[in-house]
Amino acid sequence: MSTIPTAGPEASPSVNKRRRKIDAVSIASFIALLVTTFLMLLPLFFMVSTSLKSKKELLKFPPSFLPETWQWSNYREIFDTLNFSQMYMNSLFIGILTVVGTLLSSALAGYGFARYRGKGSNLWFMLMLSTMMLPYPAIMIPQFILFSKLNWIDTFLPLIVPAFFGSAYNIFLLRQFFSTLPDELFDAGRIDGCSEFRMWRQIALPLSGPALATVAIFAFIYSWNDLLTPVLYLSSSDKFTLPVGMSSFTSSRFRIPPWHLLMVASVLAMLPIVALFAIAQKRFVEGIVLTGIK
Amino acid sequence: MTHRESRRQTFYLYLFISPWLIGFLVFALYPILSSLYYSFTDYDIIHPPKYVGLANYNEMFHNDLFWKSVVVTVRYTFISVPIQLLLALGFALLLNTKIPFRGFFRTAMYFPSMVSGVAMSLLWYWIFNPSIGLFNYVLSWFGISGPSWLMSPDYALYALMIMSFWTVGSGMILFLAGLQGVPASLVEAAKLDGAGRFRIFLNVTLPMISPVLLFQLIMGVIDSFQVFTQAYVMTQGGPNYSTWFYVYNLYTSAFKEYRAGYSSALAWVLLIVVMAFTAIIIKLSNRYVHYEGGGRK
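Those protein sequence lines, which keep their order, are chains A and B. Following my numbering, the numbering of the first sequence begins with 1 at its first residue and continues without gaps. Following my numbering, the numbering of the second sequence begins with 1001 at its first residue and continues without gaps.
It is worth saying that the hints were derived from the structure and are not from the lab. Where a beta carbon is used, it is the ideal one built from N, C-alpha and C, also for glycine. Warning: the hint list may mix true and false statements.
What the hints assert, rightly or not - Here are some, though not all, of the chain A residues that point toward chain B, as calculated from beta-carbon distances under 10 Å: (1) Leu33; (2) Leu39; (3) Leu66; (4) Val267; (5) Val274.
Said to hold, decoys possible - Using 27 Å as the maximum straight-line C-alpha spacing, the simulated DSSO-like pairs for lysine-lysine come out as follows: (6) A:Lys239 - B:Lys1256; (7) B:Lys1256 - B:Lys1068; (8) B:Lys1191 - B:Lys1256; (9) A:Lys149 - B:Lys1256; (10) B:Lys1050 - A:Lys149; (11) A:Lys239 - A:Lys149; (12) B:Lys1050 - B:Lys1256.
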């Protein structure tokens, strides 16, 4: 007991000293953050600024940070030159169908794993989780052979159809969410004579907006950014997705790639992602945390 | 549960998971097993596969390009993954304090992670241009004359590592979430016991966020074993095979040389290595990682 009053006056100078020390540390970390943020944003800034430069200005050294003449016509030109609108539409089409397929199948499977126990349910659940660790390159060759036997090469089908059969991350995420819904809701539904399928559609789904939105966003981003799968399956240029089309410009077709136009393409390719992020910023971050997808 | 109820449950379980179950059998299980079979064959995709026993595996171990790809991938993984984790954790710790403009810093750091792999590769290809690129220009502010990066066999792999640090923001957000889960009462108690910043980090924070650290370590290693986009867009594996990543090697042998059998053997080695790494990391974690509830030590 007697130690408490004596500790007070002794402690206060050291507390003051520590507060001053913390202040110095916070200033140092603030400066560190400022510098790194500057370095992180510099390439992005350079991407946007290059997209507005003229072809001549590209070859200048040192590179200018702001365009000498703001050539907004680059943004018009890209739609004429690089088959860009076709690629953009292809990517959108594939992305949207992927989202629809993923939502449907993952919500069904997630609901099944969350609400029903049956013979083998644990086994299948473990198998599903283990497919998260399965590297795509390990299965891409037999998949390619399978799809070529189905005559699906150079169509969008290999990029879309698998989404309708669910993906482990999303099933797991939705299963976790569906497990939190109270049983009473479904008991009430059952008493009212709801079929199991109707309970999924009219009770579970409407209550799962945030979780479904997270899954939709991730499925879209994954499809929008994927390069390896479309590179394998798409060969005619009118079927190219944005990543395939953009990557083809560094190859020998152009001796000097039109960097200003490629930067326009990069900016425009980023737009849907930034828009999704802006609309659902809080949810987006939560979703990253929930699923661990990077 | 009555017999009838359990049969009803089983029926609906399988009804609801059937899309996934079919997908699993067709798009995962069948490919894994047939890839194992192909790995013992000579197969050009057009003619029927011909059984050759262990020849593909044997060739692999005597193939220079295979070893090249292993060395490149392992070097990239062992250097860039730890640095990425340290940076992400460092920034998360900085942003977990009451620093002004936290929201701005967090968004700004995460922003580069929104650029797609291809756009990022194109952008950095341009930035790394040795004569007119931004990177060497920024280095010149500090009196450093930069190398020719992607054109140089000695520096191309380091250039790709540097680029990978640009997206540490996504890992940082995971660490931030982990840090938010550290109870303030524990930190306060440690402070009252007279622990300094470093001791609190080592004895309180680090154990509490170790599951996040472990998760990111596993995913980081698995991801970097599968680097493809950068090699495909920026370097085509060159110069002089200095960025000849494992999956790029796998892709070329399957889809440029039409050696599906040999490539399947490569795929199975990748699968085994990824599983082994995951198992090792999880095994190690049982000793060092603290899980909430303290079930394991």
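Here is what the structure says about each hint:
1. Leu33: With a minimum Cβ separation of about 5 Å from chain B (threshold 10 Å), the hint on A:Leu33 holds.
2. Leu39: 8 Å, holds
3. Leu66: With a minimum Cβ separation of about 13 Å from chain B (threshold 10 Å), the hint on A:Leu66 is violated.
4. Val267: 8 Å, holds
5. Val274: 6 Å, holds
6. A:Lys239 - B:Lys1256: 20 Å, holds
7. B:Lys1256 - B:Lys1068: Within the cut-off at roughly 18 Å; holds.
8. B:Lys1191 - B:Lys1256: Since the Cα atoms of B:Lys1191 and B:Lys1256 sit roughly 61 Å apart, the hinted pair is violated (cutoff 27 Å).
9. A:Lys149 - B:Lys1256: Answer holds: A:Lys149 to B:Lys1256 is near 19 Å, not above 27 Å.
10. B:Lys1050 - A:Lys149: The given pair, whose Cα atoms are some 18 Å apart, holds under the 27 Å limit.
11. A:Lys239 - A:Lys149: 20 Å, holds
12. B:Lys1050 - B:Lys1256: Satisfied, since the Cα-Cα distance of roughly 20 Å is no more than 27 Å.
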